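Novice: Protein chains in written order, with our numbering: chain A, 573 to 679; chain B, 5 to 563.
Hints are supplied without guarantee of correctness; some may be wrong.
Pairwise CB distance ranges, derived in the manner of DEER restraints [said to hold, decoys possible]: (1) A/600 <-> B/558: 36 to 44 Å; (2) B/435 <-> A/600: 48 to 56 Å; (3) A/638 <-> B/394: 43 to 51 Å; (4) B/280 <-> A/633: 16 to 24 Å; (5) B/535 <-> A/638: 50 to 58 Å; (6) B/330 <-> A/676: 42 to 50 Å; (7) B/327 <-> A/633: 34 to 42 Å; (8) B/127 <-> A/612: 58 to 66 Å; (9) A/638 <-> B/558: 42 to 50 Å; (10) A/612 <-> B/513: 32 to 40 Å.
Everything labelled a hint here was simulated from the structure, so no lab data went into it. Predicted, not measured: the structure shown is a model, and the values here were computed from it. Glycine is no exception: its CB is placed at the ideal position from the N, C-alpha and C atoms.
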Amino acid sequence: MTAIPPGLETLDFRFAGTRAVPAFAPVLVGVVGSGNLEVMLEPGDGGDCAVHVQTSARGFAPVWQAVLDDFHHRHDLAGVRVSINDMGATPAVVSLRLDQAVRELRP
Amino acid sequence: MDRINLDTKARDRAARIGAAREALGTRLTGKQVETDAIVDLLHAVLKPGDRVCLEGNNQKQADFLAKALVRLDPARIHDLHMVQSVLALPEHLDVFERGIASQLDFSFSGPQGARLAKLLSGGRVRIGAIHTYLELFSRYFVDLTPKVSLIAAHAADAQGNLYTGPNTEDTPAIVEATAFSGGLVIAQVNERVPDGTPLPRVDVPADWVDFVVQAPTPNFIEPLFTRDPAQISEIQVLMAMMAIKGIYAEYGVQRLNHGIGFDTAAIELLLPTYGESLGLKGRICRHWALNPHPALIPAIEAGWVESIHSFGSELGMEDYIRARSDVFFTGPDGSLRSNRAFSQAAGHYACDLFIGSTLQMDLLGNSSTATLGRIAGFGGAPNMGADARGRRHASPAWLKAGEEARSHRSGAAATPRGRKLVVQMVETFREHMQPAFVERLDAWELQRQAGMDLPPIMIYGDDVTHVLTEEGIANLLLCRNDEEREQAIRGVAGYTAVGLGRDRRAVEQLRERGVIRRPEDLGIDPRDATRNLLAARGMRDLVRASGGLYRPPKRFRNW
Numbered sequence: 573m574t575a576i577p578p579g580l581e582t583l584d585f586r587f588a589g590t591r592a593v594p595a596f597a598p599v600l601v602g603v604v605g606s607g608n609l610e611v612m613l614e615p616g617d618g619g620d621c622a623v624h625v626q627t628s629a630r631g632f633a634p635v636w637q638a639v640l641d642d643f644h645h646r647h648d649l650a651g652v653r654v655s656i657n658d659m660g661a662t663p664a665v666v667s668l669r670l671d672q673a674v675r676e677l678r679p
Numbered sequence: 005m006d007r008i009n010l011d012t013k014a015r016d017r018a019a020r021i022g023a024a025r026e027a028l029g030t031r032l033t034g035k036q037v038e039t040d041a042i043v044d045l046l047h048a049v050l051k052p053g054d055r056v057c058l059e060g061n062n063q064k065q066a067d068f069l070a071k072a073l074v075r076l077d078p079a080r081i082h083d084l085h086m087v088q089s090v091l092a093l094p095e096h097l098d099v100f101e102r103g104i105a106s107q108l109d110f111s112f113s114g115p116q117g118a119r120l121a122k123l124l125s126g127g128r129v130r131i132g133a134i135h136t137y138l139e140l141f142s143r144y145f146v147d148l149t150p151k152v153s154l155i156a157a158h159a160a161d162a163q164g165n166l167y168t169g170p171n172t173e174d175t176p177a178i179v180e181a182t183a184f185s186g187g188l189v190i191a192q193v194n195e196r197v198p199d200g201t202p203l204p205r206v207d208v209p210a211d212w213v214d215f216v217v218q219a220p221t222p223n224f225i226e227p228l229f230t231r232d233p234a235q236i237s238e239i240q241v242l243m244a245m246m247a248i249k250g251i252y253a254e255y256g257v258q259r260l261n262h263g264i265g266f267d268t269a270a271i272e273l274l275l276p277t278y279g280e281s282l283g284l285k286g287r288i289c290r291h292w293a294l295n296p297h298p299a300l301i302p303a304i305e306a307g308w309v310e311s312i313h314s315f316g317s318e319l320g321m322e323d324y325i326r327a328r329s330d331v332f333f334t335g336p337d338g339s340l341r342s343n344r345a346f347s348q349a350a351g352h353y354a355c356d357l358f359i360g361s362t363l364q365m366d367l368l369g370n371s372s373t374a375t376l377g378r379i380a381g382f383g384g385a386p387n388m389g390a391d392a393r394g395r396r397h398a399s400p401a402w403l404k405a406g407e408e409a410r411s412h413r414s415g416a417a418a419t420p421r422g423r424k425l426v427v428q429m430v431e432t433f434r435e436h437m438q439p440a441f442v443e444r445l446d447a448w449e450l451q452r453q454a455g456m457d458l459p460p461i462m463i464y465g466d467d468v469t470h471v472l473t474e475e476g477i478a479n480l481l482l483c484r485n486d487e488e489r490e491q492a493i494r495g496v497a498g499y500t501a502v503g504l505g506r507d508r509r510a511v512e513q514l515r516e517r518g519v520i521r522r523p524e525d526l527g528i529d530p531r532d533a534t535r536n537l538l539a540a541r542g543m544r545d546l547v548r549a550s551g552g553l554y555r556p557p558k559r560f561r562n563w
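Isolated chain A, as found in the complex:
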């Protein structure tokens, strides 16, 4: 018994952010489908931005790191938990979904 379907890779990232987001309702954008992904933003604990990735495309940890570094550079979020369910989306789609999710952030 495992929570993770076989074949999926899970990755975790944590960024120290300075832009604390006021209390907000969880945000969900995108869909889990081939070449696409689902991004959920929820209020997190502490001042970090924690990112949890489940992806069907194994072996791309350095690319995720680079994509999320840039995401953090753009938004500098603090106190946000990001969950990503990815089905082989390209970095361009991942970045777009992350930015779309941030745009939806509102109290």
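With chain A fixed as given, assemble chain B onto it according to the hints.
Specialist: This is chain B only, laid out in the frame that chain A set:
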């Protein structure tokens, strides 16, 4: 022995026609050959070593004649030298496998590329050269003139006049080269009109045609340029917005050619929406060298397009074209007259911009669609995607690009002239995370494998003016040296290894100089790039936009 520079070709031609008459007897009436006599006809008129042009391009196919050629007896007819635009059908290679042909000159072999590579390494085929369309047609008139041409038309009359229908395509170039050089033209037709009934129009006059045979089934046509808008992604919408605002509007591009694919289909579908919102109607995209892309219907209906000259036709567009004769080149009968040779020339000399996609691009900007184990060829892209060095007429877009190209040059290279805009539009990653940007093109390895003189590069880096990805636009015209060019390409290569290998400071400097422009530099928020911007979001919308005149082939009728 006769001198070969008097009239041996004319006498040879007469002898071959005589041989056909003798072999066919009553199965030949005038120029009309009975369908089941086709193999006997080919046996009678062909000789070993003949140069044979088999009409086949990426759309229309002389498929019945291709099948007949495969049925020849290799003991009688062998070592034919095939010259043809495209290797599309299995029969195009069967003739080599069966030993009927041994030498090949062509342009494109997309669907048969892998099998061609195998036949080549097995020694069953010798390739003279891989050409562009225009280059191959040109050689038909110089040193690759066909002795016998096997062509496809829609209908023939009793005299042998031919009506090609909208898919005229390569036929005029092939017939011209053959009929006026002592060669023989054999046409397959879908139908014969009864004696006394006129053809809708005459595309090839009867006295340029030697034999006509009715094919048992209509010639095959591939709907190659139909793209279902439902499959266009948000990233493609974003890139299309950047193309329109960052390049088309910037240079005021009035005359252009679009390559095949979803990237350019997205641009076509954004003109009446996003383009309109920028106030660009009438300022860009008025004249086209383009196949009748269904994706352009909404822009045509919105009054954006003044003229389109087409290389070929597109299945399902016939009635729409007929009803929009202001825009398309049509005959007095109302149907499209396409012409690949003229449209290629138009795209090369009379268009200010080409935009297309590729599979791989290196750090010099060279791009290639060659992949290992496949010999795919070029088609028309290299002629569309190349500066026309012989061009002399000016236009604002051409002059502006030329100014940018020459601003940092000296001597002869600084002489005032214009420059064709050649845009490569690629997502940084293709399907399955294959990077579009690479340190070294597969083309180099393919050159080694296949023993080619040159790596099969589709568009040379020094012809490319702009590289457009989801990350931004790199204007290579403004790069002052190879180092800047490399960083400009890395600077839009996203998260590929090439992109991650950028010198961040150099890239920021290029951005400050406007060599690299990000979506935000163009005033574009990527989050606004939604599919809602597409003027049609599926095939049904295209049909609706055409007022029901566009009739997509069955496989695209998905609603």
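Novice: None of the hints should be skipped; say for each whether it holds.
Specialist: Hints and how they fare:
1. One distance hint, 36 to 44 Å for the beta-carbon pair residue 600 of chain A and residue 558 of chain B, holds here, with the actual separation near 38 Å.
2. Checked against the hint of 48 to 56 Å, the C-beta distance between residue 435 of chain B and residue 600 of chain A comes to roughly 26 Å, which is inconsistent with it.
3. Between residue 638 of chain A and residue 394 of chain B the Cβ separation comes to about 45 Å, which falls inside the hinted range of 43 to 51 Å.
4. Between residue 280 of chain B and residue 633 of chain A, the C-beta spacing of about 44 Å breaks the proposed range 16 to 24 Å.
5. One distance hint, 50 to 58 Å for the beta-carbon pair residue 535 of chain B and residue 638 of chain A, is violated here, with the actual separation near 27 Å.
6. Taking 42 to 50 Å as the suggested C-beta distance range, the pair residue 330 of chain B and residue 676 of chain A conforms, at roughly 46 Å.
7. Between residue 327 of chain B and residue 633 of chain A, the C-beta spacing of about 56 Å breaks the proposed range 34 to 42 Å.
8. At roughly 59 Å, the beta carbons of residue 127 of chain B and residue 612 of chain A sit within the given window of 58 to 66 Å.
9. At about 45 Å, the CB distance of residue 638 of chain A to residue 558 of chain B agrees with the hint of 42 to 50 Å.
10. Hint check: residue 612 of chain A to residue 513 of chain B, Cβ distance near 38 Å, so the stated range 32 to 40 Å holds.
Hint check: violations occur at hints 2, 4, 5 and 7; the rest are consistent with the structure.
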